[in-house]
Amino acid sequence: MLKVENLYVSYGAIQALQGISFVVNKGEIVTLIGANGAGKTTTLNALCGIVPAASGSIIFEDKNIGSMEAHDIVSLGITQVPEGRRVFADLTVEDNLNMGAYTRKDVSGIKQDIESVYERFPRLRERRKQPAGTLSGGEQQMLAIGRALMTRPRLMLLDEPSMGLAPLLVMEIFEIIQDLNKEGTTILLVEQNAHMALKIANRAYVLETGRIVLQGTAKELMESEDIQKAYLGG
Numbered sequence: 032m033l034k035v036e037n038l039y040v041s042y043g044a045i046q047a048l049q050g051i052s053f054v055v056n057k058g059e060i061v062t063l064i065g066a067n068g069a070g071k072t073t074t075l076n077a078l079c080g081i082v083p084a085a086s087g088s089i090i091f092e093d094k095n096i097g098s099m100e101a102h103d104i105v106s107l108g109i110t111q112v113p114e115g116r117r118v119f120a121d122l123t124v125e126d127n128l129n130m131g132a133y134t135r136k137d138v139s140g141i142k143q144d145i146e147s148v149y150e151r152f153p154r155l156r157e158r159r160k161q162p163a164g165t166l167s168g169g170e171q172q173m174l175a176i177g178r179a180l181m182t183r184p185r186l187m188l189l190d191e192p193s194m195g196l197a198p199l200l201v202m203e204i205f206e207i208i209q210d211l212n213k214e215g216t217t218i219l220l221v222e223q224n225a226h227m228a229l230k231i232a233n234r235a236y237v238l239e240t241g242r243i244v245l246q247g248t249a250k251e252l253m254e255s256e257d258i259q260k261a262y263l264g265g
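For the sequence shown, my numbering assigns the number 32 to the initial residue and increments by one for each residue that follows.
Because the hints were derived from the structure by calculation, they are not lab data. Each hint should be verified, as a subset may be incorrect.
To be verified - Derived SDA-like pairs (lysine to any residue); straight-line CA-CA distance at most 25 Å:
(1) LYS213 <-> GLN143
(2) LYS94 <-> CYS79
(3) LYS142 <-> PHE152
(4) LYS230 <-> ALA249
(5) LYS250 <-> MET202
(6) LYS213 <-> ARG185
(7) LYS160 <-> ARG135
(8) LYS213 <-> GLU114
(9) LYS213 <-> MET253
(10) LYS34 <-> LYS136
(11) LYS57 <-> GLY43
(12) LYS136 <-> GLY115
(13) LYS57 <-> ASP121
(14) LYS94 <-> GLY215
(15) LYS57 <-> TYR42
(16) LYS57 <-> ARG159
(17) LYS250 <-> MET32
(18) LYS57 <-> VAL138
(19) LYS34 <-> LYS142
(20) LYS213 <-> ASN67
(21) LYS94 <-> ASN67
(22) LYS230 <-> ARG242
(23) LYS142 <-> LYS94
(24) LYS136 <-> ALA101
(25) LYS94 <-> GLY115
(26) LYS94 <-> ARG117
(27) LYS94 <-> SER106
Unchecked claim - Pair ranges (Cβ atoms, derived):
(28) GLU239 <-> GLU146: 38 to 46 Å
(29) LYS160 <-> GLU214: 23 to 31 Å
(30) LEU122 <-> HIS226: 32 to 40 Å
(31) GLU157 <-> MET194: 22 to 30 Å
(32) GLY58 <-> GLU206: 13 to 21 Å
Glycine included, C-beta positions come from ideal geometry on N, C-alpha and C.
Produce the complete structure using the sequences and hints provided.
Set out below in structure tokens:
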């Protein structure tokens, strides 16, 4: 579904990504793990067209999307749930969901999908007329995922979905991610909580200072001594 080859991204003189290559197959949950500054968010932003690639290729369903505009990439079926939620704080919950459908013209389909988001997240229905900025952290994360679902994604990029959430909410968010995957959405997950990420992923890649240094099945990485020492507190 997604094939990234020899991808380089620079911020001025700083090389954020140094020739990374990885694949995400249809129906998988693939996770990128690594410390702060490893290049995880930059990778997602490059896939979305938010930051330009210096070189390399990004192929999504046989189409090279490396030089496409972000809104065109969304239309192809890739959507990102950004780090820190980034909900529109002054807009209502429902307006946020409508913003997620900004590339769509099918009014009845949009209404159906909003109803579907409310069925998945009953708390959002209860708060649909509230400004999104008044929601708790967990509710904002649900809204950010709901907003992403409004694009009808085939590939969802999740950036640190557990950040700042209480342990019980983290469990709930990860259950939601698994449910979305079972329903047919392919997931690329960036997450500092390596233990939780590896628990639900099929495969994983480890990023260090812009390079992929390790890859394998989630089970293999979970059992790796190096990974246990560096990321799992082993």
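Taking the earlier hints as the rules, which of them does this structure contradict?
10, 11, 12, 13, 15, 16, 18, 19, 20, 21, 23, 25, 26
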